[in-house]
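Chemist: Here is how the chains run, residue by residue.
Number of protein chains: 2
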Amino acid sequence: MGTDFQPTRESTPPPNVSYQQSVLGLAPNVHPLKSHKNPFPFILRAAAVYPDKLAIAHPDVKHPAFYTYAVWAQRIQNMAYALIQAGIRPGDRVAVITPNWSHTFWNIVDPNLSSLIATSRISLRILIFLRLFVMTQAELGDPYESFLSAGRVFSAEKGWAGLDVEPDENAGAVLCYTSGTTGRPKGVLTTLRGSYLAAIGNVVEGQISRESTYLWILPMFHAAGWTYPWANVFACATQITMRSVDYPLIWKHFLDSGVTHYCGAPTVQIGIVNDPAARPLPRTISAVIAGAAPTAHLISQLEQKGIKPVHVYGLTETYGPFTRCYDQPHWKTLTLEQRAKLMARQGQSFATAQDARVVYPPQDENDEELRDVPKDGRTVGEVLMRGNIVMKEYFRDPEATRKAFQGRHFHSGDLAVWHPDGVIQVVDRSKDLIISGGEVNNYPCELSSHPHVLEVSVVARSHPKWGERPMAFVVLRPEHAAKWKDNHGGFATELIRHARTLLPGFACPEWVQMVDELPVSQMHNIHISKTSTGKILKTNLRKVVAKL
Amino acid sequence: MGTDFQPTRESTPPPNVSYQQSVLGLAPNVHPLKSHKNPFPFILRAAAVYPDKLAIAHPDVKHPAFYTYAVWAQRIQNMAYALIQAGIRPGDRVAVITPNWSHTFWNIVDPNLSSLIATSRISLRILIFLRLFVMTQAELGDPYESFLSAGRVFSAEKGWAGLDVEPDENAGAVLCYTSGTTGRPKGVLTTLRGSYLAAIGNVVEGQISRESTYLWILPMFHAAGWTYPWANVFACATQITMRSVDYPLIWKHFLDSGVTHYCGAPTVQIGIVNDPAARPLPRTISAVIAGAAPTAHLISQLEQKGIKPVHVYGLTETYGPFTRCYDQPHWKTLTLEQRAKLMARQGQSFATAQDARVVYPPQDENDEELRDVPKDGRTVGEVLMRGNIVMKEYFRDPEATRKAFQGRHFHSGDLAVWHPDGVIQVVDRSKDLIISGGEVNNYPCELSSHPHVLEVSVVARSHPKWGERPMAFVVLRPEHAAKWKDNHGGFATELIRHARTLLPGFACPEWVQMVDELPVSQMHNIHISKTSTGKILKTNLRKVVAKL
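Protein sequence lines correspond, in order, to chains A and B.
Taking our numbering, the leading residue of the first sequence gets 32, the next gets one more, and so forth.
Taking our numbering, the leading residue of the second sequence gets 32, the next gets one more, and so forth.
So that you can see chain A by itself, here it is in the shape it has in the complex (with noise of 0.2 Å):
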């Protein structure tokens, strides 16, 4: 890869380039913890100590770009003259409109997306904060390359040593908008400290390293990529984008480019692994995996392939992960099934998260006691969680800010039992719950250990005598669509006969549908791609019963 690649002239640093900043007034012994915003660490040390190493490259296109850590940071730097000649100053927010990789211009809209922006509800320059290292373009004479030109030629070649660096870690660093998968969108505020710490996480964590070439096709928007932007340049890895998610070409780049570590939902491990492309891979790669928990099916197809699963578990109010499924020396011994009901598990902690923790819901908005559930594996309750890597606040919204962290804790909304080896395991969403004669009851995934079923979705829909009972919606594998086409009930009966074999009465669904395909959440930031984060929209689902 990156033969091709010419720089525009602006984009080479200067023979001489230093890569220090200004630190005065800063005492000698602290240097605020920072993974991004203007100017970051992580890539002035990766420009500094691999300046020739290949950081991001952008292959699949008319115009593929390949930036060394060098000429990404001049690029990085141009970028931040160019808006400090633009205006923009510091607590000034800068909208991000594009893909994981665009043909952009600023500020800062993918010209193919232009059109949203008179159909979103969010004004430009509220979004987000400034990204700025995912803001690169190759084609030469557009206007994106000429406002970093123009940057360049702003600098009068002060260089970093020109920008000022923001002194309070726990200032705002990133603002994305989170939906959930029910209602409205809330703007999530991180800050520059949690981001370099969550960063860190992730790059222990997934063992990170300069060796390691990063597939992107978890969005950048989702979580701020979970922050893998920037763990990756701590890393000094190399970084591959796509500008959506394609499965032959993901299989292009697991067996040519020597990719090691990628991120993803399950209903994107799904379409991986179930691709015609896909085969067993000369070497491992790993794939962390959040959203939903991975089947046995899933497990065994990805480690069939070559790809090691890692489970973990966040929101977008906790950059991403916050904990893992650790799998333990023993597991080995263990049936794929076995293994694969505890990996379905959340997990624990993260290295540079703090507590989670499973407690009882509060008595009233003013109860700030928190009482934990015991560790039975049994009795429900909400995720809660505290320390570096929880946002900062919901952006001007101190009602909700209140509420989600009543008792000093983070209130994730998610229900969970907490078992006696201390590992989290969430049952679903609490705004997802169904409760059917007072039980809990919603098991997607033994519904989807059924050998025809590709995904699966549970939602409630009501029932005269419990109140409400699990209605599951059923995407087939193709191979076995066939069959059951003109016989809808003959699965249905089939999938309950499975369930029952599985799970008590309670939790069998009362319904099953056969659909093409479950609706995905599309709006995180704003429409880019279907399937986007792969989450999938219950919403969409109720609707669809409610009708029933």
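Mixed in with the good hints, there may be bad ones.
Think about it this way: if two alpha-carbon atoms lie no more than 25 Å apart in a straight line, the pair counts; the simulated PhoX-like pairs of lysine-lysine are [what the hints assert, rightly or not]:
# : chain 1 : residue 1 : chain 2 : residue 2
1 : B       : K372      : A       : K84
2 : B       : K189      : A       : K406
3 : A       : K406      : B       : K84
4 : B       : K363      : A       : K372
5 : A       : K336      : A       : K283
6 : A       : K84       : B       : K363
7 : A       : K363      : B       : K84
8 : A       : K363      : A       : K336
9 : A       : K336      : A       : K372
Worth flagging that the hints you see were computed from the coordinates, not collected in a lab.
With chain A's structure known, arrange chain B on it following the hints.
Modeler: For chain B alone, coordinates are given in the frame of chain A:
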């Protein structure tokens, strides 16, 4: 290992153990960065995630000890309560006088070393802040075990929740005494924040993971073991300790105990590769080298055994390693000599460090301006550092502190050149620098490339014409010692001739003296063992020279 381990009753955590701490008063999105001190999150998380994993082993003694993370954490908790019971309060300092592992009694002196107390100029409770986690003991019924057991009783099973968190991450952590190679010892006070980030830096740089086994060859008292005691716990690795540096034992563990990492000065590395038990290893071991640059010969010997040398540089004032000589991908194509020359350089800042730079000396003691030397690989200046892994202060020595932080950077006292690729190379300790005709000329690395030389150290000797000229003290390799036994003059001529092929004339030694061994610094905190830190004590050589 570890089959005969029976922890005391009080070392076993309760069945419902909780690793949660009281965090009242802390903001929900911040927790203090702390790697240790009472209580410290690294060990709590390791015990929560891997309770039954072997955390630390001290196998080669009459009563071997093997502690799992759960047991170790419990013992540390017992220790905390025992100290509270004994009247120790925040701000008190507790002495630690012990080898890397020991039969200790409170407070806290190894019985075999207790005679030192009478002769030590340093009174108890002043030496070192409590390093709880190294306080361990296998022998039942001894005073240390009784002390811990009493702590458990005193705790009344209040557990971790009964111990307060230190909310200030910039509070003092460890007090380590440094002598350098000259001068009187100074107490280096580090912080919790710095220890946390330095430890993570070592994990990332060393790629230490839960699969790793770290062998303690480096003394833990040497700059707090370069933060490796915490780094290994952060990574959930296994640590093996030895009472002293014992080369056959080191090879036993290399071959039989799955060792993956260790640290040591070049003198220790030389001892390792020249031990009769040395042989090619079945898997690569990572050896972190600091204190002096490894020679081409040493690098070659290590690599032949399957030991991968990593050259780092730092001081007690920087928690140990601050820079690393990052090998570049294209080095693979170089000859050993070319590579060794590049690897001998001290490198660039660590992942969690900030700036390391080389500046001209200040004009006077009020000169706060920093003037970088040109990156030409020739101009000599002083190495300055700043950032989170620089010490807080010299303990009770504001004048030394002020002087060390002139210009708001830490002054290492080490002289170096700055290469065009941004890499720093120390030419020698400024205090040891020999000026001959106005030139820097101390190049022991070049001298030790002679095939008959095992070790060499160079000091200044007064010279009628040049002021000072270099005198080399040389230890010959055993296999070549006989040849030169009665012909010291012949070897001196031979070595000077060899030096002239590699060095400019001013840099060649004027005199060569053969010795059986080089004097090694034994005084860091206290005299403990010969070759305890492996730093050659040039003051002793100067005394020899002064009498000539």
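Chemist: The structure should be examined with respect to each hint, and the outcome stated for every one.
Modeler: For each hint, the structure was consulted:
1. B:K372 - A:K84: 22 Å, holds
2. B:K189 - A:K406: The given pair, whose Cα atoms are some 18 Å apart, holds under the 25 Å limit.
3. A:K406 - B:K84: Measuring from Cα to Cα gives roughly 21 Å; hence the hint holds.
4. B:K363 - A:K372: Violated: B:K363 and A:K372 sit about 45 Å apart, past 25 Å.
5. A:K336 - A:K283: Holds, because 14 Å separates the two Cα atoms, which is no more than 25 Å.
6. A:K84 - B:K363: 15 Å, holds
7. A:K363 - B:K84: 15 Å, holds
8. A:K363 - A:K336: With Cα atoms ~18 Å apart, A:K363 and A:K336 stay inside 25 Å; holds.
9. A:K336 - A:K372: 20 Å, holds
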